[in-house]
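If you're matching positions, the sequence shown starts at 13 in the working numbering and goes up one per residue.
Please note that a few of the clues may not be correct.
Below, computed lysine-lysine pairings styled on BS3-like, alpha-carbon distance capped at 25 Å [claimed, not checked]: (1) Lys124 <-> Lys202; (2) Lys223 <-> Lys248; (3) Lys202 <-> Lys87; (4) Lys87 <-> Lys223; (5) Lys193 <-> Lys215; (6) Lys87 <-> Lys77; (7) Lys193 <-> Lys252; (8) Lys133 <-> Lys77; (9) Lys169 <-> Lys253; (10) Lys223 <-> Lys202; (11) Lys205 <-> Lys252; (12) Lys76 <-> Lys202; (13) Lys252 <-> Lys223; (14) Lys133 <-> Lys193; (15) Lys205 <-> Lys76; (16) Lys193 <-> Lys223; (17) Lys87 <-> Lys169; (18) Lys215 <-> Lys205; (19) Lys133 <-> Lys57; (20) Lys215 <-> Lys257; (21) Lys205 <-> Lys169; (22) Lys202 <-> Lys93; (23) Lys193 <-> Lys124; (24) Lys93 <-> Lys132; (25) Lys202 <-> Lys215.
Restraint ranges, calculated between C-beta atoms of paired labels, are given here [claimed, not checked]: (26) Gln72 <-> Met92: 28 to 34 Å; (27) Lys252 <-> Lys35: 43 to 49 Å; (28) Thr44 <-> Gly195: 30 to 36 Å; (29) Ile39 <-> Ser211: 31 to 37 Å; (30) Thr44 <-> Gln72: 41 to 47 Å; (31) Thr163 <-> Gly195: 18 to 24 Å; (32) Thr44 <-> Val208: 39 to 45 Å; (33) Ser203 <-> Lys132: 23 to 29 Å; (34) Ile39 <-> Glu70: 18 to 24 Å; (35) Arg54 <-> Pro249: 26 to 32 Å; (36) Arg54 <-> Met92: 41 to 47 Å.
Hints are computed from structural coordinates only; laboratory data are not their basis. Glycine is no exception: its CB is placed at the ideal position from the N, C-alpha and C atoms.
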Amino acid sequence: MDAPVTLEDTVTLDMNQFQEDLKELGILLEETQMRQFIAYYRILKEWNSFMNLTAITEFQEVCKKHFVDSLSIVKIYDFMKSINEDGCRMMDVGTGAGFPGIPIKIVFPYVKVTLLDSLKKRVHFLDEVINRLGLEGMDAIHGRAEDYARTDRHREKYDLCVSRAVAHLSTLSEYCIPFVKVGGKFISYKSEKLAVEQSESGKAIAVLGGKITGQEEFTLPASDIYRNLLVIEKTKPTPKKYPRKAGIPAKEPIQCASRIMGD
13 MDAPVTLEDT
23 VTLDMNQFQE
33 DLKELGILLE
43 ETQMRQFIAY
53 YRILKEWNSF
63 MNLTAITEFQ
73 EVCKKHFVDS
83 LSIVKIYDFM
93 KSINEDGCRM
103 MDVGTGAGFP
113 GIPIKIVFPY
123 VKVTLLDSLK
133 KRVHFLDEVI
143 NRLGLEGMDA
153 IHGRAEDYAR
163 TDRHREKYDL
173 CVSRAVAHLS
183 TLSEYCIPFV
193 KVGGKFISYK
203 SEKLAVEQSE
213 SGKAIAVLGG
223 KITGQEEFTL
233 PASDIYRNLL
243 VIEKTKPTPK
253 KYPRKAGIPA
263 KEPIQCASRI
273 MGD
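The whole structure should be built from the sequences, with the hints applied where relevant.
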């Protein structure tokens, strides 16, 4: 294991804009958290040299388009208010290189975070980040949402499920809503307007036990980068037949498959 990143390592990286962006979100970083973000960036860049994690590698761009973007969830979700007797459990579906789960964990260390990804090599990378940053109460698992959401250990066990994955909202809802306990929320990160997609996904969200309760459209701080956060609250248990077998939610989203499935 590599030695922890020290404060001396920060001198070559300008954190000023990153800190200003986070201030606009109401977030102030402690020294340890600054070191963790820098270490995360360096591990990301190191591993990206031999495997495809992200096309964005310049430090300021990573800060803006990955770190700040991940943390923009605070515009619509209050992590402090989400704490209950079991703490706050969050599932990140299709996490890829750890976004948004790892930035959220760094800023809100009391949140228990599970990262889910279908590529084993990415999970090895995530394990490396978790270990080198000393992120306790966080784990990474390899597999598909359609399989894990059917297990007793994960089904309807999370206060919050998030995803930045690129997929139609109907498909994402089938991946994510089954993980959420009744009263919890699924928040989808999008980079485009959602009116048509919301309309097409209304049936799927309702069938899966959800209801759209919030939406936030904005640009990332000091940029013209458009973002859209959609909040779906879990109002009733998800029927046992969902999610369907691996691959089906993407090939036949519920609104397209409804006549076949008899929903």
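Against the structure shown, which of the earlier numbered hints fail to hold, in ascending order? Per hint list: 11, 14, 21, 24, 30, 35 and 36 violated.
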